[in-house]
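Chemist: Build the complex: two chains, separate frames, hints provided.
Chains as they are written, first to last, in our numbering: chain A, 308 to 525; chain B, 5 to 446.
Rather than coming from a laboratory, the hints here were simulated on the basis of the structure.
All figures in this text were calculated on a predicted structure; none of them were measured in a lab.
Ideal Cβ positions, reconstructed from N, Cα and C, are used throughout, including at glycine.
Mixed in with the good hints there might be a few duds.
The calculated label-pair distances, taken between Cβ atoms and stated as ranges, are [what the hints assert, rightly or not]:
no., chain 1, residue 1, chain 2, residue 2, range
1, A, K337, B, N338, 24 to 32 Å
2, B, I322, A, K388, 42 to 50 Å
3, A, G378, B, I322, 54 to 62 Å
4, B, W431, A, T426, 45 to 53 Å
5, B, G358, A, R513, 39 to 47 Å
6, A, G378, B, N338, 39 to 47 Å
7, B, A392, A, A387, 26 to 34 Å
8, A, L442, B, T406, 19 to 27 Å
9, B, P444, A, E523, 18 to 26 Å
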Amino acid sequence: MENAVLNLREVRKSYREADGNRLDVIQVRKFELGAGDQIALVGSSGSGKSTLLNLIAGILLPDAGAVCVNGTDITQLPEAKRDRFRAGNIGYVFQSFNLLQGFTALENVRLGQMFGNGTGDAVELLKKVGLEHRLHHKPRALSVGEQQRVAIARALVNAPALVLADEPTGSLDAANGAAVLELLRQVCTAGRHTLLMVTHDPAVMRHFDRVVRLEELR
Amino acid sequence: MNLFKIVTKNMRQRALATTLTGISVALAVALTVAIVHIKRGMQQRFEQSTLGYEMVVGAKGSPLQLVLNTVFNLDISPGNIPWTLVEKLQTDKRVKAAVPFSVGDNYRGFRIIGTTDAFGETFGYKLAEGRWFTCSIEALRDAFKEALEHSQERIAKEKGEGPTKPAAHHHNAAEAVIGATVAKETGLRVGQKFIAAHGVEVSPNAEEHTDNPWTVTGILVPTGTAVDRGLYINLDSFYHIEGHEVRETGKPEEKDNDPDPGQVSAVALKLRSPIHAFPIYREINDGDEAMAAFPAVEVRKLFAIVGNIDRILLAQAILIGLVAGVAIAVSIYNSMSERRREIAILRALGARRGTIFAIVVLEAVAICAVGAIVGVAGGHLIVMVANAALRHVSGFTVAPLTMEMAELWVVAGSIALGALAGIGPAWRAYQTEVAENLAPTS
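Isolated chain B, as found in the complex (with noise of 0.2 Å):
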């Protein structure tokens, strides 16, 4: 027999009051458990996907939206950048690497993404198996001249001119090396054939480019980034589908002479050296073609807007936590009415006032205890239900059964809350008259 015991029986004999209050405080750590959880999680892999991508540059607009589209494979293009300046950017002495991004098609909701061979290198993307694909700067500048020339045919046909001869252009063929993910959930595998649906989201009237079927080459190592649930097709193949003419917006007519008509989404840098991106960055802005964006920097941004909504989550779920203290204090301090009698026969039989008052106080911090395990636990169960909708809205999962530091600081403060919850009840125990308590019961 010890204090333990007699807190457990004690416990088991208020069995409703010690559940209901036990599963508000589980309720509440639960919650907290989550939204820590889930942030942290969502944090490191928005950062995780960062790494590498020091500098994003697109058409101009929002640069949250810019980095979300090329980093993330969330939200939409904000537009297109002329090819010239991913060459000029190639060429820049400061940039080590400048790796360019054509978005607009999907395969079953994963993004198609055409890019060049340079992207596993830079970034350190390695294959799990197969080869990358086959991409080179000359069938790129075909693919350009070959889109222009549809270009050009479609505004013929649309002006009722007849049809101009087009030329004989190389192609390469058509390639993606794809995410673990994308492998994982649509069955590809290194030599199977995908046609992708126009758009970047999945959508029931999306037209589907049957002719331009790509080939499987390689599958991504897992990376737990945004990389993991992309298609990575050779950027020329991108631009032989039809509809991908290099001007998708604009005026068709402005730009039929225009002796550089490529154009991609966005490209992504790598520096050789930190102290040159700051002057990249400016230089870029300033001009009237493009943007430059860090996408370190607009992930900080971001968080920091969602640690806002983030913080009155958790202000919700310790106020659901004190309400379930003050519920404990309530419910221990009624019953020891009905336990003053139990009281006084343990003071008769040798226990001291410290030892009731120390068992009260056990008692309020039993339930919070078992209260906090059962919702860390819940907090855990929480997270593995909300992945579902997490992977549709940001592409990401968090690990659900990995703990975090925080965890235990939330059991340790409920703990605490049990404590002093149980100090009320406690010192009406520690109270208690023996003498008069004892007397006999009719």
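With the rest of the complex left out, here is chain A (with noise of 0.2 Å):
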């Protein structure tokens, strides 16, 4: 696929066990997204699904094969250069939302901004996910629901080429789930932003046209 935003090859990962042996995590031979896909990511439980988003995130390395980001293979890069990368080119939304409880609703936006040295507008993207309310309110003083949508605006205030979203309806309710869900692809659709969605449920698969078994990549 020609400027494909994310491209794998050949990546694999194992971690040694306690008994010395080598456990292989992940094997993906080839794994390719345009700009503005929007594909879930299936696997069952402790297959690895998270691993290959830190992975691609780069927060992790694999053993060998290489992982491109817009062009851009990860794997190569220092450590260092790789943190900056990932700030400005993949947005990250986590299952237990991940934001900082010291922070307000908005610092919690600029901090994800301050890494990547993003332009966008923390206030406006705010008000896209309808916290213009909440915007100085802490993580502890907002809903669960209003915690993710937090966690998305942040995730998205570098524009980044690519989302990566590890099961983020994973704690919230049916209703709360869905209606982050439909922002989430909202947002990315409305950005042209390449969303790989992590997820186990049936329900919030059936919100995606293209969906991958993480077995079917080897």
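Modeler: Put into structure tokens, the structure is as follows:
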């Protein structure tokens, strides 16, 4: 695929177990995503979905293979440059939101902006996710749905080419989960952000035209 | 959003630990600043006070006691020297001026010093208002004679003999020029009278010289020296007071026929050239009747002794600072377990390991810097409070608001201590595993 936003080739990741044997967690022969694609990545619990997202984000390094985001093989970048690249090009939405508790909603979004040198309008983004009245509230004063909206705004503040979402509705009730999912898909469509969402929830999968099973990538 | 905001937020989240460790830094800095400030200030005041007093001559004994008594209005007089020695020094060609002093009384705790009108001119003390007292050598000689007659009369009374007829003597008015602090604290003004109490310090049983009030004729310009705390009277008037007979010590009967009974507490010398200092010093000290001392040398010796105590106190303050540094390191290090997730989030958002390291070091530095600034203010507050005690002990106070260069070094040292204390916890933060700390919590 020309101009692939994400391109994985022969990526392998294994861990050494307590008994000294190596456990292969990730084996991806080839996986590509184009600009604006929205894909659900499914797999059983413990199959390595989160590990794959961490490899794509450059938080973990594979034992072998190439992870190219926007044409840059991030496995070849030194750690500091990889961190900077991640901040500017990849947005990450976590299942447990991962907001900093001492910071307000607006400050959490601006934190994302700070490391990515983004010029996006954090207030405008929070308005887009329906939190204009919650800008100066700290996470503990927000509902779980609102917290995940803040996390979505934070992931998008640097206008990343790729958005990774690790079971973003996993901590929400059905109504909130559906609303957050819809919001995430909307903003990614509007901004032509490529969305790769990890889930094991069939209800979530139904929202996606393309669903990829992790096992299929071997 | 910037690093400092993140640091501030972290400090607020750990408000109690931050405050307690900050207080220990502030305490160490306050003590250091106060010690440095008081020592420097006192040394400056003492050195300033010795200016012009090239040599003092007094009764044999402790040179430091002589200097403290003559130049700083402290301690008690080591004894008296004969007036003939004063005259000898006044006519010595190597001596530019020889100013006599007699002490023994106080007014509300401020010392009364009998001297001559050469005192102001010789040492450069100017009047803020009024005029100098009148003092003549004739009046002084008369005062000595009169004092001798009083002595003889007292001895005759003690022996059961009849009173002798006193001769007529010339009296100058009893006048005084007072120091700026005396004027400020006692409220005495030019033209007002005051009554002296016997002794150099306030005592509830002190005898008051009610028959000899002095009139204030002048008030001196503030000098920042011991002179500000003295009342200077014409020397002859000092001997008109009952009890100031010329032989306060010794055996009166042995000196009844002394042709020159005059005695003073000390004499301060200004020399025509510094090359005369050591010959005069040796001549006086080789003789039997007096002792010479260099005020500047004695002050240096005094502060060399004080310096040792000062170093012990400084060492204690530095030790408190080090303990504070360790406390900061331990407190932040322990908080790292709770903050691993936050660090992982920051890393996932794109913060580099170096940035995380800097945030933690900056946190320790900020605690020390804020502690140091509060400590500097606290140190000056201690100086303010200590001034009352300093005034009581030495007669001097230290300007509490002046800044010393050493204070900047103390602040810089505290910041360096903070940086050092932050390295351990920062290294732990630097090594935080991102992926495993981002996993969902139950």
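Chemist: Would you mind marking each hint as holding or not holding in the structure?
Modeler: Here is what the structure says about each hint:
Range check, K337(A) to N338(B): about 47 Å between beta-carbon atoms, so the 24 to 32 Å window is missed. Between I322(B) and K388(A), the C-beta spacing of about 43 Å keeps the proposed range 42 to 50 Å intact. In this structure the hint that G378(A) and I322(B) lie 54 to 62 Å apart at CB holds, the actual value being about 57 Å. Evaluation of the 45 to 53 Å hint for W431(B) and T426(A) yields a failure: the beta carbon distance comes to about 34 Å.
Under the hint 39 to 47 Å, the C-beta atoms of G358(B) and R513(A), about 44 Å apart, fit the expected range. Evaluation of the 39 to 47 Å hint for G378(A) and N338(B) yields a pass: the beta carbon distance comes to about 44 Å. The hinted window of 26 to 34 Å between A392(B) and A387(A) is violated, with their beta carbons roughly 58 Å apart. Take L442(A) and T406(B): their Cβ atoms lie about 48 Å apart, and the range 19 to 27 Å is violated.
Checking the proposed 18 to 26 Å range against P444(B) and E523(A) shows it holds: the Cβ atoms sit about 25 Å from each other.
Violated hints, listed in ascending order, are 1, 4, 7 and 8; each of the other numbered hints is respected by the structure.
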